[in-house]
Amino acid sequence: MTGRFRIGGARLMHIYTWVLIAWLVLPISVMILFGFNDPSGRYNQTWQGFTLKWYRDVFALEALTDALVMSLIIAVLTALIAGALGTGIGYALGRWQFRGAAGLNLLMFAAISSPELVMGSSLLSMFVSLGISPGPVTITIAHVMFSVSFVAIVVRARVVTLDRSLEEAAADLGASGWTTFWKVIFPILLPAIFSGVMLAFALSIDDFVITNFTGGTTETFPMWIWGATRVGLPPQVNVMGTMIFVAGVLIAVISNVRSRPKKRVAA
Amino acid sequence: GVEGKGKPQASVAPDAVAKFWAGKTQKGQLNFANWPLYMDPKLPELKKFTAKTGIKVKYDEVIQEMGPWFAKVQPQLSAGQSIGYDLMVITNSVQFGQFRDSGFLAPLDHSKLPNYAANAAKSYAASAYDPGNVFSIPYASGITGIAYDPSKIKDPVTSLADLWNPKYKGKVGMFRDLQELGNFGLLAAGLDPAKSDENAWKTAAAKLKEQKDAGIVRNYYDQGYVDALGKGEVWITQAWSGDIFQKNVSDGTNFKFVIPQEGGTIWTDNMAIPITAENPLDAITLMDFLYDLENATTLAEYINYVCPVPGAQAQMKKHAAAASGEDKDFLLSVADSPLVFPGDAEYKRLHYYVNFNTAEEKNDFERVFQPIVLG
Amino acid sequence: MDRVKRTLAPYLLVLPGGLWLVVFFAVPMATMVSLSLQEGDVVNGFVFTGHWQNYVESLADYQTQLIRSLVYGAVTSFVLIVLAFPVAYWIAFYGGRRKATYLFLILLPFFVSFVLRTISWRMLLTDDGVLLHPLKEAGILPGDFQVLGSATAVIAGLVYSFLPFMVLPIYVALERIDPRVVEAARDLYASPVSSFTKVIFPLALPGVFAGVLMTFVPASSDYVNSELLGSSETTMIGQVIQSKFLSNSDYPSASALSFTLMAVLLVGIFVYARALGTEDVMKVAAR
Amino acid sequence: MTTPPSTPAAHPAIEFAGVRKDYISHGEAVPAVKSLDLAIGQGEFFSLLGPSGCGKTTTMRMIAGFEEPTAGKVFLDGKDVTGVAPNKRDVNMVFQSYALFPHLTVQQNVAFGLERRKIAKDEIKRRVGEMLEIVSLTGMERRQPKEMSGGQQQRVALARALVNHPRALLLDEPLGALDLKLRQQMQIELKRIQREVGITFVYVTHDQGEALTMSDRIAVMNGGLIEQLGSPRDIYERPATRFVAGFIGTSNIIDGNVSWSDQGYAVLDKGPGERVVVPVPGGVAVGRNIEVSIRPEKIDLHRTIPAEVTGSLLSGVVSEVVYHGTSTNYTVVTSAGTDFVVFDQNAHDAEDVASRGERVFLTWAPQHSYPIGV
Amino acid sequence: MTTPPSTPAAHPAIEFAGVRKDYISHGEAVPAVKSLDLAIGQGEFFSLLGPSGCGKTTTMRMIAGFEEPTAGKVFLDGKDVTGVAPNKRDVNMVFQSYALFPHLTVQQNVAFGLERRKIAKDEIKRRVGEMLEIVSLTGMERRQPKEMSGGQQQRVALARALVNHPRALLLDEPLGALDLKLRQQMQIELKRIQREVGITFVYVTHDQGEALTMSDRIAVMNGGLIEQLGSPRDIYERPATRFVAGFIGTSNIIDGNVSWSDQGYAVLDKGPGERVVVPVPGGVAVGRNIEVSIRPEKIDLHRTIPAEVTGSLLSGVVSEVVYHGTSTNYTVVTSAGTDFVVFDQNAHDAEDVASRGERVFLTWAPQHSYPIGV
Ligand SMILES: Nc1ncnc2c1ncn2[C@@H]1O[C@H](COP(=O)(O)OP(=O)(O)OP(=O)(O)O)[C@@H](O)[C@H]1O
Ligand SMILES: Nc1ncnc2c1ncn2[C@@H]1O[C@H](COP(=O)(O)OP(=O)(O)OP(=O)(O)O)[C@@H](O)[C@H]1O
Ligand SMILES: NCCCCNCCCN
Ligand SMILES: [Mg+2]
Ligand SMILES: [Mg+2]
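Protein chains in written order, with our numbering: chain Y, 5 to 271; chain L, 143 to 517; chain G, 91 to 377; chain X, 4 to 377; chain A, 4 to 377.
Some hints could be false.
[Said to hold, decoys possible] Taking lysine to aspartate or glutamate and the EDC-like style, the derived pairs with C-alpha atoms no more than 16 Å apart in a straight line are: (1) A:Lys-91 - Y:Glu-171; (2) A:Lys-91 - Y:Glu-172; (3) Y:Lys-187 - A:Glu-118; (4) L:Lys-184 - Y:Asp-61; (5) X:Lys-194 - A:Glu-323; (6) L:Lys-296 - G:Asp-234; (7) L:Lys-189 - Y:Glu-66.
If you're looking for bench data, these hints aren't it; they were derived computationally from the structure. None of these values were measured; they are calculated from a predicted model.
Modelling step: build the complete structure from the supplied sequences, incorporating the hints.
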């Protein structure tokens with residue numbers, strides 16, 4: 005498309021895009037800014053002066069730190085378990101046509117499109133009916149449940165584009181089925197699996213609704229914030245939020261830079 | 143002291159106490175679930191406790207409202223699993239009965255509570271919700287009244303009618319807790335909560351509905367009302383007595399708390415040990431520690447809630463005498479505060495919670511008021 | 091032997107994950123349905139009595155909230171289409187080498203906890219907050235001016251929360267349009283406006299549909315936004331369900347409402363998918 | 004060619020007058036078309052041929068109006084169309100990938116242009132029906148593009164353009180996406196349709212064979228300039244430059260100093276008895292170095308030295324013999340040092356004339372030596 | 004051919020004995036290869052040619068071991084390999100899309116097969132180095148496949164297979180993904196490499212030109228059967244069936260009743276003075292209907308009736324003249340009723356022999372009439 009086929013002006017849309025991005029970033033910048041605020045009382049509400057003390061004391065609030073650690077542990081476990089289970093599903097669905105595949109696809113579609121609220125509450129119903137006590141384990145179970153489909157979809161998308169002749173080529177060159185999988189298929193799928201695992205991690209660490217239902221008294225980072233907001237968030241929350249934000253952005257940027265293909269060398 | 147009336151508490155089996163406490167040992171640590179704004183954030187009493195007993199306390203302000211707290215821990219308790227807390231502060235509301243009747247509370251071994259026996263106001267033992275303090279001893283009592291921001295509301299606030307004042311449309315806060323909400327509806331309708339029946343509830347609900355439909359209510363709050371008041375979202379709100387005091391101290395605000403002419407309610411928050419607690423002995427040790435005269439005094443000085451230890455008033459005055467300047471004035475004002483040591487005049491204006499004799503009654507009550515909050 | 095291994099392989103691979111989904115997704119749904127037909131209370135326990143009045147009663151009490159939620163969800167999706175389309179369009183057709191960067195910027199909010207960014211909004215917009223307080227002090231706004239507490243505030247929050255979910259699918263659909271198709275339209279005497287209405291927009295429709303699918307369900311069933319940004323006038327069904335489960339321990343009627351919500355949304359999706367050809371939706375949604 | 008003639012019928016369908024086009028890339032002007040003066044006649048099948056990046060597409064897009072010339076003017080039917088938007092130009096384009104509207108049926112695709120021009124419904128229906136008949140797609144009106152084969156899609160693209168009766172049809176590598184077989188079929192189809200509707204076709208291809216077989220005239224472009232403009236036969240047999248000679252088909256090119264020149268002929272001496280005879284109508288100075296191009300099919304290959312040679316003669320050794328069915332191709336390393344390719348049509352004798360390693364003699368008539376740029 | 008001979012040296016590289024292959028599709032057996040008896044010699048460049056779906060790939064995959072025959076046996080180097088897994092067969096395959104391992108470098112790709120066979124590191128290094136030199140990729144060891152051009156990738160695929168010194172190399176349309184120019188380059192490369200390493204190549208292509216130019220022998224398959232097996236020249240000049248005649252290159256086919264037959268020749272009478280003369284070494288009964296195939300390049304085209312005709316003569320009207328550069332193609336509608344295509348190499352005279360609509364005469368020598376199936 006050249007510049008002349010615009011609707012109402014590309015420039016206008018360009019400006020608009022930036023306005024929208026600014027809107028999206030606004031609360032984030034507020035969050036970051038108020039991590040440097042020096043409020044006098046319990047409420048980090050109005051700007052009262054610059055300080056770095058919250059960065060020094062990030063981990064001073066034991067309960068908040070515990071909640072963050074809890075979130076991280078659950079997210080790592082979720083990422084690993086959902087990564088493994090989702091890879092299995094994704095690979096099988098992408099690689100073979102088998103009886104039950106359609107049902108499984110439907111189940112995954114349902115799990116992805118169900119309201120979180122309903123998933124959380126139904127899990128709670130079940131735990132209550134079975135007398136299973138909510139806690140870190142049930143949170144992890146729930147997180148794996150809602151993220152496994154995402155991992156599966158990411159992996160499947162890669163598997164279907166996998167050239168089937170690669171497997172044959174490996175066999176042709178003397179590789180057994182097992183060797184073919186570990187030497188050829190797995191390394192090729194690895195980036196997709198990694199994306200899936202990162203996605204599961206992100207979904208888990210951010211989840212509030214389902215955790216709220218399945219967590220009992222276990223406090224994760226979002227849950228602690230939800231509770232604390234009633235009486236004012238301590239600036240440490242902003243600092244931790246900023247740290248998670250920066251870490252997320254860094255990971256995204258780095259993996260993006262790494263996956264960018266090197267320039268193709270002409271013949 | 144706080145009294146209540148109603149059916150006597152179903153007694154526990156005589157050997158229950160012995161059975162529960164048999165073989166329990168101190169672990170040197172305990173997890174304490176409390177409400178926000180219920181202790182000096184520097185936790186001086188707990189530090190003192192740790193220094194004295196070597197027991198470390200993990201203190202979490204995780205209780206915002208009774209309903210959610212009960213709902214949160216209920217599945218764990220009924221599964222017989224630890225909720226992660228050894229000590230919790232629960233109000234004498236509907237949920238207290240649910241905790242009690244579900245068998246979720248550990249029976250207290252009063253032999254381990256000598257300070258309590260020595261210093262607590264005697265009337266507590268006669269409470270309707272836990273006669274004989276079988277499962278709980280008070281942490282503090284408090285008054286539900288009206289708080290407002292005098293910088294926004296110039297007319298003096300004296301009556302419940304102010305919560306219905308269309309002038310404050312969209313700036314009025316009410317409690318989400320059905321008991322609290324229902325009580326004010328009843329009081330506004332000129333009815334006594336403690337003596338109310340279903341008809342009374344319906345009248346009250348209609349009154350509350352009117353308030354809501356007129357767009358007067360900004361929202362129904364749990365402990366978050368303090369934040370809403372601070373942010374100017376509400377100018378006038380149902381409130382708990384000590385919170386406003388603490389808020390003013392910590393944030394330099396100047397909010398006012400009043401007990402309305404029509405009366406307010408009085409309630410008691412109680413320390414109880416969940417039946418599945420892992421460190422009950424440590425917990426009961428802290429319970430008793432807080433009944434030490436000095437500790438009870440400093441706690442009351444900070445939180446400004448009704449102190450269950452009558453002797454604290456004198457102790458506070460002693461503290462005042464030892465202090466000087468602003469501190470002295472401050473301590474004196476607390477010692478004389480009717481909100482901390484209410485006199486008969488106050489008690490006359492205070493009402494007790496609605497009392498439910500059966501689960502159905504409680505359900506009916508909820509069905510009447512719940513649609514107001516959620517609607 | 092090899093052949094047996096080969097036919098079994100997919101089942102073995104699918105088994106753990108599939109089982110997980112069945113046990114922790116499908117079974118709970120069934121449990122919930124069962125619970126919704128029970129009677130009793132937390133203290134004395136619930137028993138299955140086929141008590142379908144749970145549905146009748148909770149719907150009678152909360153139909154306003156249910157309808158309100160669907161309306162908020164629909165409005166949110168609609169506003170999202172209007173807001174997201176130009177952005178997606180600009181990135182797809184003019185983003186050039188920076189497409190990825192722009193998309194990344196659009197996704198930035200996801201790197202901040204959902205709860206935290208909603209709270210940040212509340213903090214920004216609150217009646218005496220950083221934005222309004224100075225304006226009120228300066229007398230530019232009346233003292234009782236407020237943004238929060240209104241339906242607008244809640245929908246704005248929902249729009250904010252789900253904006254990337256609308257931008258991305260529309261972008262993907264637009265990105266797939268062969269620019270030559272647009273040139274072809276111009277070549278065939280279409281004005282800029284009619285090449286948009288006759289070619290670009292119709293071709294972006296699958297993306298718009300996918301966007302609606304991805305935003306309508308979570309927006310209608312959200313409770314965080316209305317809890318933090320709304321008032322008693324904006325209560326959504328999610329808050330009701332949440333309260334019934336997590337404040338009142340009224341599991342049967344909470345389950346009934348939950349299931350009703352799910353059913354309404356499913357029927358909605360189904361009708362919607364039918365209306366535009368199921369294939370397309372599945373395809374777009376499966377991406 | 005700067006002022007177009009004034010009588011309407013005499014107008015060329017398309018005219019470029021001193022056109023130049025620079026693209027701006029990273030702030031720098033990249034010349035895509037350097038200088039273009041060109042008139043394409045009414046009803047002509049005109050091809051643009053040239054290597055990738057030579058400016059063919061750019062030229063085409065300036066006709067359609069997707070790009071504006073940096074300098075110079077474009078005329079359609081005698082009217083200056085500089086600055087006129089594409090939708091207001093009476094030419095239509097057939098895109099390489101067809102660019103069919105994927106959301107519309109065949110009927111709707113073909114009707115698109117007519118609808119934009121607010122033609123009556125009935126009339127549209129009639130014209131679309133007619134057009135679909137011409138491209139043999141009657142009965143497929145309600146199909147979607149994705150339900151059709153490549154060849155069928157191409158015909159829809161053609162119909163969609165032709166139905167508007169444009170002054171000219173622009174086709175930018177319309178067969179580029181097809182496989183060989185389909186491509187050949189479509190070439191025949193295209194030619195047939197052009198004959199039938201009789202409008203100007205401007206055709207871009209990078210396939211020389213395609214250009215040679217289909218065009219009335221060909222412009223060979225290189226680096227933004229036209230290197231040669233002429234009939235297919237002109238271009239093939241009388242390439243104006245070495246570039247054209249090398250680009251169109253296979254050429255043997257040999258150079259050398261003129262050792263003798265008279266009566267319109269020059270001779271390059273290539274060792275004992277070997278020589279290249281070249282017609283030089285304008286004459287050429289002895290001693291001058293000239294390049295000569297000889298097409299492989301013009302050369303005769305002999306196993307023994309021919310008794311009487313009227314034209315050129317070179318000897319060499321066969322290094323490669325490739326059987327192609329209709330012909331056999333020999334690569335001969337000549338004593339003169341250059342590799343010669345010789346095509347021998349397998350016309351009468353089924354056996355090879357020579358085999359690998361054999362010594363052979365190459366002869367060709369004087370008129371088949373074509374001196375480049377003399 | 005059912006029992007392979009026993010002395011090792013005498014073994015064909017690959018042998019099919021009574022092989023049949025059915026695929027099961029929706030519960031029904033679909034025959035892909037119906038009956039195959041075939042021996043491919045050591046060091047041969049053997050091509051399988053045929054229309055899409057004729058069973059080429061299936062045949063290939065049975066050699067590699069990706070499919071097992073439904074009936075019959077496959078021998079590699081004299082050994083029955085039925086039931087032997089692909090990784091245990093001493094043949095290697097070059098896939099159409101190359102199937103290079105995208106996560107491995109060139110070095111690692113080429114070493115893959117050797118590593119599987121637990122060859123010593125040093126040895127692997129040496130052999131990979133050698134192989135890369137043969138395919139001219141020295142210096143590119145550390146590149147990833149995606150950093151290479153199509154042609155380079157193809158050479159990696161070749162090296163990866165060849166480095167294992169397989170008994171035979173199977174190439175299934177290895178050039179299918181390349182554009183024309185690259186394809187032609189790679190044909191030459193492939194042929195060079197095969198000459199250099201000297202192992203058996205089994206080559207699948209659907210491009211007849213490719214098969215004709217590269218192969219030692221060609222099997223033309225159709226519908227799961229071999230229609231003809233022979234050298235490129237055999238197949239082109241002496242097609243065994245009408246199918247082969249039509250499939251390989253262009254053929255003019257005419258049929259008629261034998262009106263005269265003697266001394267190994269038959270004549271089909273085609274109207275006053277017109278006739279087709281056909282060599283029939285075995286004789287043929289007068290009155291019998293036979294089909295005759297004539298290659299377009301064998302036919303001479305005359306504007307006037309030739310004085311003396313020793314072979315066939317037909318007259319007709321030119322319906323199409325297409326200039327191709329090296330040749331001009333004429334389509335002639337004969338009085339006998341069939342369309343004839345005639346290729347006239349533009350060898351000596353640059354002008355067309357005839358133009359559209361002109362009446363012409365076609366002649367060809369008796370030996371260029373090829374009777375099909377007689
Ligand atoms: N939009 C553009 N911006 C900058 N340079 C361009 C642009 N379009 C084309 N060019 C450059 O202009 C020159 C001519 O391009 P053009 O597309 O006309 O070539 P072409 O002859 O059509 O080539 P091909 O056969 O590869 O299609 C090339 O060098 C190309 O790189
Ligand atoms: N896996 C399969 N299942 C069922 N039928 C198959 C299968 N593979 C091939 N066939 C069928 O077997 C026949 C031969 O297929 P094959 O792939 O060998 O053809 P081919 O000659 O390689 O064709 P092409 O030139 O198109 O590659 C075809 O009719 C094809 O449809
Ligand atoms: N900030 C402490 C407030 C304690 C309130 N608890 C009593 C709630 C009565 N419903
Ligand atoms: Mg081009
Ligand atoms: Mg094949």
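To see whether the hints hold, each was checked on the structure:
no. : hint                  : in the structure
1   : A:Lys-91 - Y:Glu-171  : holds (15 Å)
2   : A:Lys-91 - Y:Glu-172  : holds (13 Å)
3   : Y:Lys-187 - A:Glu-118 : holds (11 Å)
4   : L:Lys-184 - Y:Asp-61  : holds (15 Å)
5   : X:Lys-194 - A:Glu-323 : holds (12 Å)
6   : L:Lys-296 - G:Asp-234 : holds (14 Å)
7   : L:Lys-189 - Y:Glu-66  : holds (15 Å)
Of the hints listed earlier, there is not a single one the structure fails to meet.
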